[in-house]
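A.B. asks: Listed below are the residues making up each chain.
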Amino acid sequence: MDQLQTYLIVAAILFSLGLFAVMTRRNAVAVLMGIELILNAANINFLAFARFGGMNISGQVFSLFVIVMAAAEAAVALAIVINIFNNFKSINIDEVNQLSR
Amino acid sequence: MNNIQSISVFWPELTLVITAIVVIMLDLIYSRKDSNRLKWWAIAGIVVAFWILISGFDQSAKSLFFRQVAFDPFSTFFKQLILVATGFILFVIPRTRDFANYRMGEFYTLILIMVFGMFLLVSAIDMIMVYLSLEIVSITSFILAGYMKMDKRSNEAALKYVIYGAFSSGLMLFGFSLLFGLTGYTNFHDISRELVALNGSANLALIVSAVLILAGFGYKISAVPFHFWTPDVYEGAPTPVTAFLSVAPKAAGFGVLIRFFNDVFLQLNVGDIPALPWPMIIAILSVATMTLGNLVALQQTSVKRMLAYSTIAHAGYMMMGIPILSQDGYFGIMIYLVMYMFMNLGAFFVVIAVQNRFGDDSIESFTKLGWKMPFLGVVMTVFMFSLTGLPPTAGFIGKFYLFAAVIKAGPEYYWLVFAGLINSIISLYYYLRIVKVMFLRGERVEILEYPSKTLTTLLICLAVPAIILGVYWAPIADWVRNSLILYTNTL
Chain U
94 MDQLQTYLIV AAILFSLGLF AVMTRRNAVA VLMGIELILN AANINFLAFA RFGGMNISGQ
154 VFSLFVIVMA AAEAAVALAI VINIFNNFKS INIDEVNQLS R
Chain B
2 MNNIQSISVF WPELTLVITA IVVIMLDLIY SRKDSNRLKW WAIAGIVVAF WILISGFDQS
62 AKSLFFRQVA FDPFSTFFKQ LILVATGFIL FVIPRTRDFA NYRMGEFYTL ILIMVFGMFL
122 LVSAIDMIMV YLSLEIVSIT SFILAGYMKM DKRSNEAALK YVIYGAFSSG LMLFGFSLLF
182 GLTGYTNFHD ISRELVALNG SANLALIVSA VLILAGFGYK ISAVPFHFWT PDVYEGAPTP
242 VTAFLSVAPK AAGFGVLIRF FNDVFLQLNV GDIPALPWPM IIAILSVATM TLGNLVALQQ
302 TSVKRMLAYS TIAHAGYMMM GIPILSQDGY FGIMIYLVMY MFMNLGAFFV VIAVQNRFGD
362 DSIESFTKLG WKMPFLGVVM TVFMFSLTGL PPTAGFIGKF YLFAAVIKAG PEYYWLVFAG
422 LINSIISLYY YLRIVKVMFL RGERVEILEY PSKTLTTLLI CLAVPAIILG VYWAPIADWV
482 RNSLILYTNT L
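Chains as they are written, first to last, in the numbering used here: chain U, 94 to 194; chain B, 2 to 492.
These aren't lab readings, by the way, just hints derived from the structure by calculation. Be aware that one or more of the hints could be misleading.
[Said to hold, decoys possible] Here are the simulated DSS-like pairs of lysine-lysine, each with C-alpha atoms no more than 30 Å apart in a straight line: (1) 454(B) <-> 373(B); (2) 182(U) <-> 150(B); (3) 182(U) <-> 40(B); (4) 454(B) <-> 437(B); (5) 153(B) <-> 40(B); (6) 373(B) <-> 437(B).
Based on the sequences and whatever the hints tell you, model everything.
C.D. replies: So, in structure tokens, the structure goes:
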């Protein structure tokens with residue numbers, strides 16, 4: 094169980110689930126959760142490569158930065174979603190359609 | 002260079018950060034009514050940063066902060082371009098009626114932080130720095146797009162922007178993680194060396210990671226098929242923000258795209274490893290981008306939305322310069338970016354003036370504008386001709402250099418030039434439609450109207466270069482030619 098391939102498979106599954114969530118969910122918060130899954134899949138990749146691939150420490154450093162950035166992004170995104178809820182009374186992204194298409 | 006030495010050439014960025022902190026603190030002192038005075042502090046910061054950038058220190062190419070950031074004439078060119086565009090935007094913000102009821106201190110701070118992020122983006126030579134700076138630019142632009150909290154359209158723009166932005170930076174990050182796994186490094190030059198050493202043994206992983214990374218950059222320059230956010234965000238965001246987003250981050254996106262593909266993948270193709278046909282992928286995306294942008298722009302009734310599609314088309318033209326893998330191509334892109342900045346900012350500023358007067362940006366508001374507000378009609382005509390690329394305007398020179406570079410690259414790219422020409426002809430229709438509704442079928446009116454003095458001055462400052470640079474462009478060409486020096490690692 095403790096080899097590189099296992100972790101890469103877990104990461105690939107997480108990435109696919111995140112992609113699926115972003116594409117199918119209509120709830121804005123669920124879409125944001127899908128994006129978090131994608132970011133964490135990348136994190137697992139970085140850590141697994143750094144730990145098992147015999148590579149340098151940059152992988153771990155990279156994933157620390159990603160965690161911080163994901164938090165910042167989630168803060169801004171949730172603020173925007175709250176604002177949407179105040180104005181539209183809904184966070185279904187299909188109902189947010191004021192702009193012409 | 003180590004950290005202490007690096008700081009001595011990092012003063013423009015430090016100036017921007019200090020100005021941002023000063024502005025957010027002064028915002029506590031000024032009342033809501035006076036908060037637009039902070040504009041002068043922001044402009045002072047921009048001017049000082051610009052002055053340090055062009056005068057201060059040794060311009061030779063070097064890497065800073067233990068090979069995180071490059072300092073070279075190439076990045077300096079993009080930094081200057083971004084600062085000029087920011088200066089125009091800072092002057093127009095207080096003249097925008099949309100912002101009348103909002104407190105503006107945070108707005109100026111966010112613009113300054115975004116400029117700082119773009120400075121890092123155009124000079125990053127490490128994947129960590131690319132990701133961080135791309136996120137700094139994205140997160141601040143999400144807030145700017147949704148700045149009008151009470152306006153439903155602005156809210157929607159911010160929501161769409163944040164979802165697409167976070168999604169494509171997630172894809173890019175996954176691509177980075179694969180590239181890190183393949184090579185074991187995060188620095189562009191180390192990656193390039195390791196990729197050549199791989200000798201084509203991991204082609205599938207390489208292609209997957211390159212496509213995912215292209216998603217991140219393609220989103221920043223709004224290339225097909227990562228363009229879906231562009232029309233909605235550009236239409237819903239406050240117009241000065243739209244003007245800013247359509248010029249500065251796009252320039253920064255092209256900067257990082259050129260640097261990444263040049264540093265990381267160029268070595269792969271000059272060798273005998275046909276690992277990745279990325280020039281062909283970008284060429285096809287370029288044609289798709291300009292065609293989609295132009296065809297959809299034909300049917301828009303909102304001028305702002307039409308200009309949004311037109312910026313997609315222009316991104317497509319500029320992408321033509323990347324696949325030919327030569328200095329000429331980069332030269333074409335950079336000179337096009339300069340011309341594009343003047344004409345595109347100008348067109349959006351006319352939209353701001355029309356919105357201030359008539360309250361919306363539909364094509365009906367532009368009807369008979371040439372008779373009611375002749376000054377606006379004339380400058381808008383200049384910008385429309387320039388965006389089409391008709392001589393003798395700046396847009397013509399930009400297109401001329403781009404097409405010439407592609408033709409010079411050889412017969413296998415003639416189809417690209419052909420597609421570009423066909424698209425320029427298509428774009429003629431919707432740009433000239435605006436000119437038509439402004440001037441035809443009008444009659445004399447007794448009282449002529451003019452926009453405010455500041456807007457008039459800004460429009461003259463943009464319209465004059467849009468014509469002059471079409472006749473006398475030698476200084477710009479020299480400037481760009483001297484800026485074509487990228488930092489390449491000789492470790």
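A.B. asks: Next, verify each hint and record whether it holds.
C.D. replies: Status of each hint after checking the structure:
Proximity of residue 454(B) to residue 373(B) is assessed by CA-CA distance (about 17 Å); at most 30 Å being required, the pair is judged to hold. Proximity of residue 182(U) to residue 150(B) is assessed by CA-CA distance (about 14 Å); at most 30 Å being required, the pair is judged to hold. As the CA atoms of residue 182(U) and residue 40(B) are separated by approximately 35 Å, the hinted pair breaks the 30 Å bound. Taking the CA atoms of residue 454(B) and residue 437(B), the gap is near 26 Å; set against the 30 Å cutoff, the hint holds.
This hinted pair checks out: residue 153(B) and residue 40(B) have alpha carbons roughly 26 Å apart, not beyond 30 Å. Using a Cα cut-off of 30 Å, the hinted pair residue 373(B) and residue 437(B) holds, with the two alpha carbons roughly 14 Å apart.
Checked against the numbered hints given earlier, this structure breaks only hint 3.
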